[in-house]
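Chemist: At position 98 of the sequence shown (counting the first as 1) the number is 97 in numbering that gives the first Met the number 0, and the numbers step up by one without a gap.
In case anyone wonders, no lab produced these hints; they're calculated from the structure. A portion of the hints provided could be inaccurate.
Claimed, not checked - Simulated restraints on C-beta separations:
{"id": "1", "residue 1": "Val563", "residue 2": "Leu594", "range": "21 to 29 Å"}
{"id": "2", "residue 1": "Ala484", "residue 2": "Leu382", "range": "47 to 55 Å"}
{"id": "3", "residue 1": "Phe324", "residue 2": "Pro423", "range": "17 to 25 Å"}
{"id": "4", "residue 1": "Phe488", "residue 2": "Val203", "range": "46 to 54 Å"}
{"id": "5", "residue 1": "Met412", "residue 2": "Glu577", "range": "44 to 52 Å"}
{"id": "6", "residue 1": "Gln429", "residue 2": "Leu272", "range": "48 to 56 Å"}
{"id": "7", "residue 1": "Thr200", "residue 2": "Ala484", "range": "37 to 45 Å"}
To be verified - Computed list of lysine-lysine pairs in DSS-like fashion (alpha-carbon distance at most 25 Å, straight line):
{"id": "8", "residue 1": "Lys263", "residue 2": "Lys361"}
{"id": "9", "residue 1": "Lys264", "residue 2": "Lys361"}
{"id": "10", "residue 1": "Lys361", "residue 2": "Lys260"}
{"id": "11", "residue 1": "Lys260", "residue 2": "Lys515"}
{"id": "12", "residue 1": "Lys264", "residue 2": "Lys573"}
{"id": "13", "residue 1": "Lys295", "residue 2": "Lys573"}
{"id": "14", "residue 1": "Lys295", "residue 2": "Lys349"}
{"id": "15", "residue 1": "Lys515", "residue 2": "Lys349"}
{"id": "16", "residue 1": "Lys361", "residue 2": "Lys349"}
{"id": "17", "residue 1": "Lys515", "residue 2": "Lys299"}
{"id": "18", "residue 1": "Lys361", "residue 2": "Lys573"}
{"id": "19", "residue 1": "Lys515", "residue 2": "Lys263"}
{"id": "20", "residue 1": "Lys349", "residue 2": "Lys263"}
{"id": "21", "residue 1": "Lys264", "residue 2": "Lys349"}
{"id": "22", "residue 1": "Lys515", "residue 2": "Lys417"}
Note that the Cβ used here is the ideal one computed from N, Cα and C, for glycine as well.
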Amino acid sequence: MRDRQREKETAATTTTPSPKAAATTTPSPKASTSPSPRATTTTPSPKAAATTTPSPKATTSTPYHKSAATTTSSPKAATTTTSSPKATTTTTSSPKATTTTTSSPKATTTTTSSPKATTTTTIVPSSHSPLSLSSFPPQSPALGTLIGVYLPCLQNILGVILFLRLTWIVGTAGIMESLAIVVMTCSCTMLTAISMSAIATNGVVPAGGSYYMISRSLGPEFGGAVGLCFYLGTTFAGSMYILGTIEILLTYIVPSAAIFKAEKKENEPEALLNNMRVYGTCCLTLMSLVVFVGVKYVNKLALVFLACVILSILAIYAGVIKTAFEPPDFPICLLGNRTLQNHNFDQCLKTMEVDNVTVTTKLWSLFCDSPELNATCNEYFTLNNVTVIQGIPGLTSGVIRDNIWGDYGPNGMLVENKHQVSEPAADTSQDIYMPYVANDITTFFTLLVGIYFPSVTGIMAGSNRSGDLRDAQKSIPIGTIMAIATTTFIYISSVILFGACIEGVVLRDKFGDSVKGNLVIGILAWPSPWVIVIGSFFSCCGAGLQSLTGAPRLLQAIARDGIVPFLQVFGHGKANGEPTWALLLTGGICEIGILIASLDAVAPILSM
């Protein structure tokens, strides 16, 4: 009798933890905690871990898929037990304790808290669990170095300046100084890319572009300063690309679409600027609406615009190679050594024989007061004869010797062939009214540097996609540096080939007036000038859309960081996160560049 009574007392024995005791439960996979009916427990000291043996009124949970979870509670205890496959957890709660169970895809966590004690148990599920990793497939970024960094940088670097101004820069500065400009500006972007690569390889690259990468690595002060400059540069780049688009449209595609037309030659620049303002504002409004409504369409068209750029580059190289065997026939009419605008006459002759009768030509009527042979003509026209030269003599012509050095001059200076003899006139006051090709701005070395510099920007296009890259630490340095190296080679080779193929007076003819209004780089391309005209048009459109897409998001990121208090309003947008207010401000700043209306005046702003 005494032995049976002792066994009952032993089985009913329960350990009571002190107020400061901590109950700790450790799970073991494929292990089961089975209490023995005759097991005895030790009495814990303060701050010690206690193991509880259940009393006859203990509650046992039902095992689930090869697991056994046993819960033992004392009176007034609230217990919650969570078990995963192939794992067993025993949780003991003290009086008035609360047990909370939290599960994640990788683990099941049980937390037991007493007035002064907390127990946390983590159980990792097996592959048979409903919460296994196969139920949550990871969606990792898939863009590599080529698609994610190299090609976007290539598209943004090669742009409007290459198609519209590089030939003019080569003719004005000469081959040697043009090479100096290219090397100097490309060195600046290469150093910037190396610095950016150092930041990119210094740790995990955050999503959000170059601004986030700089601000999270160097601090918000540096990030805010660089970010605002980057934002303004991107915004004015949008203005530059839109102006380039309109210049191509009105000068080379549909000149008849001009709203303002100059009645006199001296009013032509003003009329062109007014047309740029009107059409530029309309184009900016249309592009802003496209960005506001459907950014996804802008991203889808990016490959189309990139294809236009690549095809245009290939057409230029093909045309250069063709000039070595068969130069194109583009005659240039010179009066003395001065280049004439070939718009209002079809023959480079003063007079011609028709049925044994000498008659005057259209060129005669441009310099004389009447079509009669005894008319009063311009003095320089009377003293000099007209000659015809080929605008693109080809690689083997030796014209490269004449284009080694530049020919700077003031606004209104006539474009002349320095190697051709002419008789000077005593009265030059009427030259401005004659159909000569002349400078529209004063040219000097630093001005050309400012105009050319935007053609090497755009190196941040790859880092702006940092969140979409498979391995940003590897792709950003390699892709950006390779893109800079590729475009540097293209620019250097273009400078040399343009100087070796094209006559100097044609290179200095900015708007192609001497070649009947054709794009100078277009007449060099093969198989048709329209390849360059259409390709450059869509290239400028795409670059403008990309600028209007990226700049508002950059401003929104700066505003949300709260670096500049009065910009915080631009951190808000639509419900899907589109930066509506930032797009409005970007459009307003971009309109300022449109109202300047001159590509040569807006481009230097980007290099400030």
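Chemist: A separate judgement is required for each hint: does it hold in the structure or not?
Modeler: Okay, the hints, checked on the actual structure:
Here the CB-CB span from Val563 to Leu594 is close to 25 Å, well matched to the stated 21 to 29 Å. Distance hint check for Ala484 and Leu382: the Cβ-Cβ separation is about 53 Å, which falls inside the suggested range of 47 to 55 Å. Judged by the Cβ atoms, the range 17 to 25 Å given for Phe324 and Pro423 is violated: they are separated by roughly 39 Å. Taken as a hint, the range 46 to 54 Å is violated for the pair Phe488 and Val203, whose Cβ atoms sit roughly 33 Å apart.
A C-beta distance of roughly 49 Å is found between Met412 and Glu577, which places it inside the suggested range of 44 to 52 Å. Evaluation of the 48 to 56 Å hint for Gln429 and Leu272 yields a failure: the beta carbon distance comes to about 25 Å. Hint check: Thr200 to Ala484, Cβ distance near 18 Å, so the stated range 37 to 45 Å is violated. Restraint check for Lys263 and Lys361: satisfied, since their Cα atoms lie roughly 17 Å apart, inside the 25 Å limit.
Between the alpha carbons of Lys264 and Lys361 the distance comes to roughly 17 Å, so the proposed pair stays at or under 25 Å and holds. About 21 Å separates the Cα atoms of Lys361 and Lys260, which keeps this hinted pair within 25 Å; it holds. The straight-line distance between the Cα atoms of Lys260 and Lys515 is roughly 18 Å, inside the 25 Å bound, and the hint therefore holds. For the suggested pair Lys264 and Lys573, the alpha carbons sit about 50 Å apart, so the restraint of at most 25 Å is broken.
A C-alpha spacing of about 15 Å is found between Lys295 and Lys573, which places the hinted pair at or below 25 Å, so the restraint holds. At roughly 59 Å between alpha-carbon atoms, Lys295 and Lys349 are farther apart than 25 Å, so this suggested pair is violated. Proposed proximity of Lys515 and Lys349 is supported: the alpha carbons are some 18 Å apart, at most 25 Å. Distance check on the hinted pair: Lys361 and Lys349 sit about 8 Å apart at the alpha-carbon level, within 25 Å; holds.
Our distance criterion of 25 Å between C-alpha atoms is broken by Lys515 and Lys299, whose separation comes to about 37 Å. Between Lys361 and Lys573, the direct Cα distance comes to roughly 62 Å. Violation of the 25 Å bound is thereby established for this hinted pair. Pair hint Lys515 plus Lys263 holds up; C-alpha atoms about 18 Å apart against a cutoff of 25 Å. The suggested pairing of Lys349 with Lys263 holds, with an alpha-carbon distance near 22 Å, which does not exceed 25 Å.
Taking the CA atoms of Lys264 and Lys349, the gap is near 21 Å; set against the 25 Å cutoff, the hint holds. Annotation: proposed proximity of Lys515 to Lys417 holds, straight-line Cα distance about 22 Å (limit 25 Å).
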